[in-house]
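Q: Residue numbers (my numbering), protein chains in the order written: chain A, 1 to 393; chain E, 1 to 393.
Treat each hint with caution, since some may be false.
For identical chains, the list gives no copy identity; a pair is met inside one copy or between any two copies.
[As the list claims (entries may be wrong)] With a cut-off of at most 16 Å between alpha-carbon atoms, the simulated EDC-like pairs for lysine to aspartate or glutamate come out as follows:
(1) LYS144 - GLU4
(2) LYS8 - GLU18
(3) LYS163 - ASP151
Keep in mind the hints are simulated off the structure, nothing from the lab.
There are 2 protein chains.
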Amino acid sequence: MINETMKKLGEERSVIRELFEYGNRRKAEIGADNVFDFSLGNPSVPAPACVREEIARLLREVPAEVLHGYTSAAGDPAVREAVAAYISASFGATMSASCVYMTCGAAASLTVSLSALCVPGDEVVVISPYFPEYRIFVESAGGKVVEVPADENFHLDLPALGKAIGKRTKAVLVNSPNNPTGAVYGEGEMRVLGDLLRKKSAEKGAPVYLLADEPYRELCYGTSPVYPMNVYENTLVLYSFSKSLSLAGERIGYIAVSPRCADADGVFAAVCGAGRSLGYVCAPALFQRVVASCLGKSCDVEIYRKNRDLLSSALTSYGFSCIPPEGAFYLFIKSPEQDAVAFCERAKKHELLLVPSDSFGKTGYVRISYCVARSVIERSLPAFETLAKEYGL
Amino acid sequence: MINETMKKLGEERSVIRELFEYGNRRKAEIGADNVFDFSLGNPSVPAPACVREEIARLLREVPAEVLHGYTSAAGDPAVREAVAAYISASFGATMSASCVYMTCGAAASLTVSLSALCVPGDEVVVISPYFPEYRIFVESAGGKVVEVPADENFHLDLPALGKAIGKRTKAVLVNSPNNPTGAVYGEGEMRVLGDLLRKKSAEKGAPVYLLADEPYRELCYGTSPVYPMNVYENTLVLYSFSKSLSLAGERIGYIAVSPRCADADGVFAAVCGAGRSLGYVCAPALFQRVVASCLGKSCDVEIYRKNRDLLSSALTSYGFSCIPPEGAFYLFIKSPEQDAVAFCERAKKHELLLVPSDSFGKTGYVRISYCVARSVIERSLPAFETLAKEYGL
């Protein structure tokens with residue numbers, strides 16, 4: 001009688017959200033300090049000082065009816081100008097305010113872009129393992145997910161991608177730094193990807209778009225990732241300030257359509273139309289202005305780096321196997337038994353909340369979000385060690 | 001190649017948004033004081049003091065990583081409790097936190113509810129004239145709009161509604177206080193509507209839902225509107241704090257599913273699923289907490305009442321014809337020529353920005369948003385008077 005697909009989506013929830021809710025209940029039962037919740041990518045490092053300062057300044061200086069009023073649907077013009085200027089100056093990409101659409105965070109950047117581009121029957125290529133909500137977002141836009149496994153180091157498998165992209169491919173969706181693997185695609189592989197997409201677009205006679213989901217751009221422990229627009233013209237950068245400014249709950253991000261995109265004006269119009277159709281009237285007004293003043297700033301990423309080093313070296317020393325992540329704040333370890341779900345259930349007995357890789361489109365691995373207080377990692381280590389011993393590692 | 005429906009939606013924009021953007025450009029050209037922009041329902045009365053105080057308190061007392069972090073998808077549990085308690089206490093409706101879903105504002109309340117309920121082929125009955133985005137939201141959820149004209153006083157035409165509701169009707173969408181007419185449906189007509197929906201549900205063998213879009217509830221110049229759940233069980237109240245707290249740009253509201261709804265748990269799950277599918281991860285976290293502390297407060301509604309009185313008496317004295325609005329902040333006047341679009345174009349020459357009723361599903365009227373500074377109304381009156389004279393009123 002109601003929409004059963006939506007009902008099922010609501011009942012199932014994501015595995016990650018389910019664990020997060022379980023963790024909250026468990027913390028209430030046995031005390032927050034006794035649960036080691038590595039489930040959610042909820043930043044533990046506070047927002048940089050500029051966020052609070054800017055909120056205070058705006059409250060002081062801007063009349064409430066202006067500050068909290070509607071902005072234009074695509075965003076406050078000054079905010080869009082600031083974002084465009086930042087992209088141009090930081091990445092050397094040509095960008096104009098007319099190609100910047102402010103969104104309610106990364107998920108909205110994805111649903112709006114996918115609805116703008118896709119028609120029923122279109123295929124969207126994703127690299128597995130991938131963020132599980134990708135499938136929901138692609139399908140709700142009428143598209144079909146085509147999974148292409150990453151290579152053994154969780155980088156792009158370009159020959160496999162070449163085989164998967166065909167006449168029905170509307171877009172390739174990449175996420176670097178990557179959730180859940182922590183991989184950061186190098187400039188070389190991104191340039192080859194750009195060449196591949198250019199060739200495939202020519203074969204198809206229409207653009208194959210690159211959707212670059214980049215909420216972790218600033219959370220990178222090596223060199224900065226190449227800016228996707230600089231390697232390929234038909235690119236939409238989907239950005240969120242959730243992780244860089246630790247504003248995950250405030251729902252603020254943007255879509256930047258490359259001005260070099262074929263029919264860039266048309267694509268941007270479709271983005272505006274999709275936002276309208278999904279009910280996104282404008283991105284939250286106060287935080288639009290806050291992020292415009294904090295562009296290029298970020299939370300203290302060194303804290304995450306130290307978490308990564310502590311956790312990956314300890315787990316490796318206990319016998320777990322992982323590739324050190326190059327970015328984001330996830331450790332992707334091999335499950336010591338083939339069934340990662342069973343492993344995570346066993347870990348739960350030690351109050352370790354880990355996410356099995358199955359819902360990311362890959363079996364046999366586990367995602368550990370290390371965006372937690374260092375003390376959580378420190379206190380959790382004996383539990384990980386015991387767990388390793390149980391598996392005879 | 002891209003989604004042409006979305007492109008068209010983005011290019012056309014709403015008539016209202018188009019006028020608003022025109023107004024901004026015109027103000028830049030000839031000065032803000034010389035343009036009388038009555039296009040948008042953007043509150044002019046500042047948010048009540050509790051908003052600013054609560055933001056300051058939260059910034060002072062709650063650690064940033066908690067304050068700005070993800071909440072549960074349906075909202076922060078304490079916020080949902082507060083909303084449920086407020087609804088129970090204020091309206092005497094049974095409500096529980098488990099039936100409250102916090103949203104990114106009224107439009108999201110609508111798109112999420114419609115996606116939760118509708119399957120392709122479903123009909124959604126709207127009362128014309130109606131907020132133009134209703135059509136876009138219903139259609140993007142796969143539904144079909146069935147328009148039922150209001151009666152001559154812009155109240156419910158119950159016999160016509162009775163004829164329009166059939167086997168394919170999934171929901172009836174009402175908006176009281178009404179945009180664009182200012183009508184507030186009385187308790188009597190709402191009770192008859194409840195009886196009608198009950199009868200129609202029995203005939204259909206499945207609920208016909210009542211979607212009560214209530215962003216203007218507090219903007220009422222007579223008695224308070226009846227609470228829709230109290231007249232009919234299969235009700236979803238779609239609320240937004242945009243107007244009551246003058247927070248239109250902050251995108252914060254909620255969906256309250258009546259616990260007396262058939263399969264209330266299923267409906268609520270579908271709401272959660274729809275929110276997930278459309279990319280609404282959670283409602284903006286800071287403002288969730290702000291509104292929870294400001295429930296029952298509102299901006300100074302007397303200012304709007306005085307605007308209404310000034311504008312409606314002046315326009316009536318010039319010869320324009322309107323029914324005095326009972327709520328919201330719109331005056332719906334009869335166009336002095338049959339073609340309201342032509343009338344609005346003529347009004348534009350006097351820098352009066354008015355919205356023709358055509359996109360609201362009714363010809364021959366004009367919507368004037370009087371949520372503007374009183375001085376705008378005062379300065380605009382000579383232009384209205386000249387316009388009336390041009391039409392020989």
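Q: All hints are to be evaluated individually against the structure, with a verdict given for each.
A: Quick rundown of the hints versus the structure:
1. LYS144 - GLU4: Close neither inside one copy (19 Å) nor across copies (18 Å); limit 16 Å.
2. LYS8 - GLU18: within (14 Å within a copy, 39 Å between copies)
3. LYS163 - ASP151: within (14 Å within a copy, 61 Å between copies)
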